[in-house]
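Chains as they are written, first to last, in this note's numbering: chain C, 1 to 408; chain H, 1 to 292.
It cannot be assumed that every hint is accurate.
Said to hold, decoys possible - The calculated DSBU-like cross-link candidates involving lysine-lysine, where the alpha carbons are at most 30 Å apart (straight line), are:
hint : chain 1 : residue 1 : chain 2 : residue 2
1    : C       : K131      : C       : K77
2    : H       : K178      : C       : K16
3    : C       : K131      : H       : K178
4    : C       : K28       : C       : K6
5    : H       : K102      : C       : K16
6    : C       : K29       : C       : K6
7    : C       : K28       : C       : K108
8    : H       : K124      : H       : K134
9    : H       : K178      : C       : K140
10   : C       : K168      : C       : K140
11   : C       : K270      : C       : K246
Rather than coming from a laboratory, the hints here were simulated on the basis of the structure. As the structure is a prediction and not an experimental result, all values here were calculated from the model.
Residue strings, one per chain:
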Amino acid sequence: MEEFLKFDHVSKRFGKIQAVKEVSLSIKKGEFFSLLGPSGCGKTTLLRILAGFEHPDQGRVFLDGQDITDLPPNQRKVNTVFQNYALFPHLTVWHNIAFGLQVAHRPKKEINEEVQRMLELIQMESQADYKPHQISGGQKQRVAIARALINKPRVLLLDEPLAALDLKLRQRLLMELDLIHDEVGLTFLYVTHDQGEAMSISDHIAVMNQGTIEQLGSPVEIYEAPCSSFVAAFIGDTNFFEGKVKDIINQDYSRIEIEDFSDVVCFNDKQLTPGHPVYLSIRPEKFRISRQPPEMQHNLNVVPARVEEVIYLGSHTKYWVRVNGYRLEINQQHSRFFLDEKPILWEEEIWISWMADDGFMLDRYSEVDENLIPAPPEEMGEDLNGKPGNDTGKQNQLQRNQPGGSNQ
Amino acid sequence: MNRMRQNKIDEWLVTSPSLIWLLVFFLVPTIIVFIIAFKPADPYGGFGTGWTLDNFRAFENTNFPLMLWRTIWLSLVTTMICIFLSVPTAYQLTRISPRWRKLLLLMIVIPFWTSFLVRIFAWKTILHPEGLIKKILVFLNLASPETSLLYSSGAVLLVMVYTFLPFSILPIYAAAEKFDFRLLEAARDLGARSLQAFFRIFIPNISRGILTAVLMVFIPALGSYVIPDIIGGPDSEMLGNKIAQRTFVDRNLPQASWLSAVLILALLIPMILNLYLRSRRLGKHSLLKEGR
Numbered sequence: 001m002e003e004f005l006k007f008d009h010v011s012k013r014f015g016k017i018q019a020v021k022e023v024s025l026s027i028k029k030g031e032f033f034s035l036l037g038p039s040g041c042g043k044t045t046l047l048r049i050l051a052g053f054e055h056p057d058q059g060r061v062f063l064d065g066q067d068i069t070d071l072p073p074n075q076r077k078v079n080t081v082f083q084n085y086a087l088f089p090h091l092t093v094w095h096n097i098a099f100g101l102q103v104a105h106r107p108k109k110e111i112n113e114e115v116q117r118m119l120e121l122i123q124m125e126s127q128a129d130y131k132p133h134q135i136s137g138g139q140k141q142r143v144a145i146a147r148a149l150i151n152k153p154r155v156l157l158l159d160e161p162l163a164a165l166d167l168k169l170r171q172r173l174l175m176e177l178d179l180i181h182d183e184v185g186l187t188f189l190y191v192t193h194d195q196g197e198a199m200s201i202s203d204h205i206a207v208m209n210q211g212t213i214e215q216l217g218s219p220v221e222i223y224e225a226p227c228s229s230f231v232a233a234f235i236g237d238t239n240f241f242e243g244k245v246k247d248i249i250n251q252d253y254s255r256i257e258i259e260d261f262s263d264v265v266c267f268n269d270k271q272l273t274p275g276h277p278v279y280l281s282i283r284p285e286k287f288r289i290s291r292q293p294p295e296m297q298h299n300l301n302v303v304p305a306r307v308e309e310v311i312y313l314g315s316h317t318k319y320w321v322r323v324n325g326y327r328l329e330i331n332q333q334h335s336r337f338f339l340d341e342k343p344i345l346w347e348e349e350i351w352i353s354w355m356a357d358d359g360f361m362l363d364r365y366s367e368v369d370e371n372l373i374p375a376p377p378e379e380m381g382e383d384l385n386g387k388p389g390n391d392t393g394k395q396n397q398l399q400r401n402q403p404g405g406s407n408q
Numbered sequence: 001m002n003r004m005r006q007n008k009i010d011e012w013l014v015t016s017p018s019l020i021w022l023l024v025f026f027l028v029p030t031i032i033v034f035i036i037a038f039k040p041a042d043p044y045g046g047f048g049t050g051w052t053l054d055n056f057r058a059f060e061n062t063n064f065p066l067m068l069w070r071t072i073w074l075s076l077v078t079t080m081i082c083i084f085l086s087v088p089t090a091y092q093l094t095r096i097s098p099r100w101r102k103l104l105l106l107m108i109v110i111p112f113w114t115s116f117l118v119r120i121f122a123w124k125t126i127l128h129p130e131g132l133i134k135k136i137l138v139f140l141n142l143a144s145p146e147t148s149l150l151y152s153s154g155a156v157l158l159v160m161v162y163t164f165l166p167f168s169i170l171p172i173y174a175a176a177e178k179f180d181f182r183l184l185e186a187a188r189d190l191g192a193r194s195l196q197a198f199f200r201i202f203i204p205n206i207s208r209g210i211l212t213a214v215l216m217v218f219i220p221a222l223g224s225y226v227i228p229d230i231i232g233g234p235d236s237e238m239l240g241n242k243i244a245q246r247t248f249v250d251r252n253l254p255q256a257s258w259l260s261a262v263l264i265l266a267l268l269i270p271m272i273l274n275l276y277l278r279s280r281r282l283g284k285h286s287l288l289k290e291g292r
């Protein structure tokens, strides 16, 4: 399909900070597209450039073939749902929604009909006469969405629309947002720092870091094949290994030597030659844990380990296991639960195994702020024990990957 | 039940100091002024016993309704000019960098460090026939050498605006500072032009500040007497001058009280009406809610 919205080499600098660096990006019509990244990565600046609140230092922005770079915000067929709602406090819900049509001096009858339609869409007909301070956070968010949609924008921009809400409400509104997207069939550009939100709702995601796009792809691509250590660490949890290519086994697989760990077989899609340094990332749920060494099969890596920490999380159990210098995070789903099976507990000597295809090599180790990576394996254990609040967030983001055991 | 009563008592305890203050220093003197207005004058500058409506005769003098009208008119125009100048000033003050803002706010407040009277006399010098402004105007052929800048309603208006401008800038600035400027972005985003956003979103949201500014300017403007006395001429006299004249020159306290009472009523009636209309529009307890 043809590109609908296009950023062409867009750059923006604020004083000493390069907020957006040469970003080129194309978004298809009707897509739910997310810009995902930590705060300060430039995603909001990109959104504000599209909305017209910032002018890029370089580059152009195109909407449906038209260059909109120099248009003022009120002449762009895009509307924004702001992070802090930005509802007009002196106006009722009804007048907030009607604002866009009123400033355009549309006929009264049309305004009445359209506002009524929007109130029905967000199911707030009975609160039409309330002022913003009289309605709840979730309702405010819905009003903000209706207010933006009534102008029939070409693209709806959502700037961290759920950040101010609590977890339960966030999940519900996320589903509502998805329904609205299906219903109105608009292009949505969603800015968030919450990878869970972005993964569950988007057609495509651009992961941003330090003003550039690290990776662009579908949620599955970004999770299963991150192109950099930053993406791997920012999207979900992962275990990192640093090593170098030892030898080439065949066309597809190489053996990698990891100091203080063991040699492992890995899918070599990057065609690296022996001696080349690599970073290897393996997701926690890709490992299998067993008391007996698993049957040897082709391309299966098997390593002995010792359990240091066990956290039972209902749908799965999280293990922290020690292999020489490495402390690994492993998730085991309880796919088969036998009452007579003795669960693996602390201090047990066990075997971990994973398929060569489940580990992936990373192109580069991007310069990332250490705080952005959930936590280096060494410190993770204490962190989880010390802060139970952290735990629930993590648990949630992990549940997303396991549809079987969530939302009870 | 008991707890509610306790709360009521607490509320009274907290509010009573300001309530007593207002009673003793505002309500009682006002009532005294109203009472004296109905007392006969005595030759020694005090007032006699008994009651009379004689003081009302002062208004038979055609000069007085005219003067009352001029007082209200001058005050209204002063207020309007002050608000008109203050809103954009306050808007800009919130938009500039904090360093500039501090400096400019200081410059607005600095005149207060000089005595009010000194500043008025300074204006007299500035507007003097031999003064700088007059000379420039004559030089530019904008005024003939015979016209007098001083002793006119225009001069009084100018100095009144100068005097009361800070009183309208500061409350409007305080309101504008609390204004969430992202709302203007939201309005622009929804298709409003800059001016539309300004009038539909900015102005309504600082309306309380504007209302405060109106009262802060209009009330003292109505009662001003030094400015018309020093800057104004015989045809720009205001009610304040008459009250002073009746009190100090004529030593007729009851008539002065009468004039004051008229001035107070001219203020109180619109204020009470405004309060009543607002409370009816917003329903019960609305004044409490608005305070948030």
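Comparing the hints with the structure gives:
1. As the CA atoms of K131/C and K77/C are separated by approximately 27 Å, the hinted pair is consistent with the 30 Å bound.
2. With a C-alpha separation of about 29 Å, the suggested pair K178/H and K16/C falls inside the 30 Å cut-off, and the hint holds.
3. This hinted pair checks out: K131/C and K178/H have alpha carbons roughly 18 Å apart, not beyond 30 Å.
4. This hinted pair checks out: K28/C and K6/C have alpha carbons roughly 9 Å apart, not beyond 30 Å.
5. Restraint check: the Cα-Cα separation between K102/H and K16/C comes to about 25 Å, which is no more than 30 Å; the hinted pair holds.
6. In summary, the hint linking K29/C to K6/C is supported, as the alpha carbons are separated by about 11 Å, within the 30 Å threshold.
7. Restraint check for K28/C and K108/C: the C-alpha separation of about 35 Å exceeds 30 Å, so the hint is violated.
8. A distance of roughly 12 Å separates the Cα atoms of K124/H and K134/H; the hinted pair therefore holds under the 30 Å criterion.
9. Taken as a hint, the K178/H and K140/C pair is honoured in the structure, with Cα atoms around 20 Å apart against an allowance of 30 Å.
10. Taking the CA atoms of K168/C and K140/C, the gap is about 16 Å. The hint holds against a cut of 30 Å.
11. Our distance criterion of 30 Å between C-alpha atoms is met by K270/C and K246/C, whose separation comes to about 14 Å.
Of the hints listed earlier, the one the structure fails to meet is number 7.
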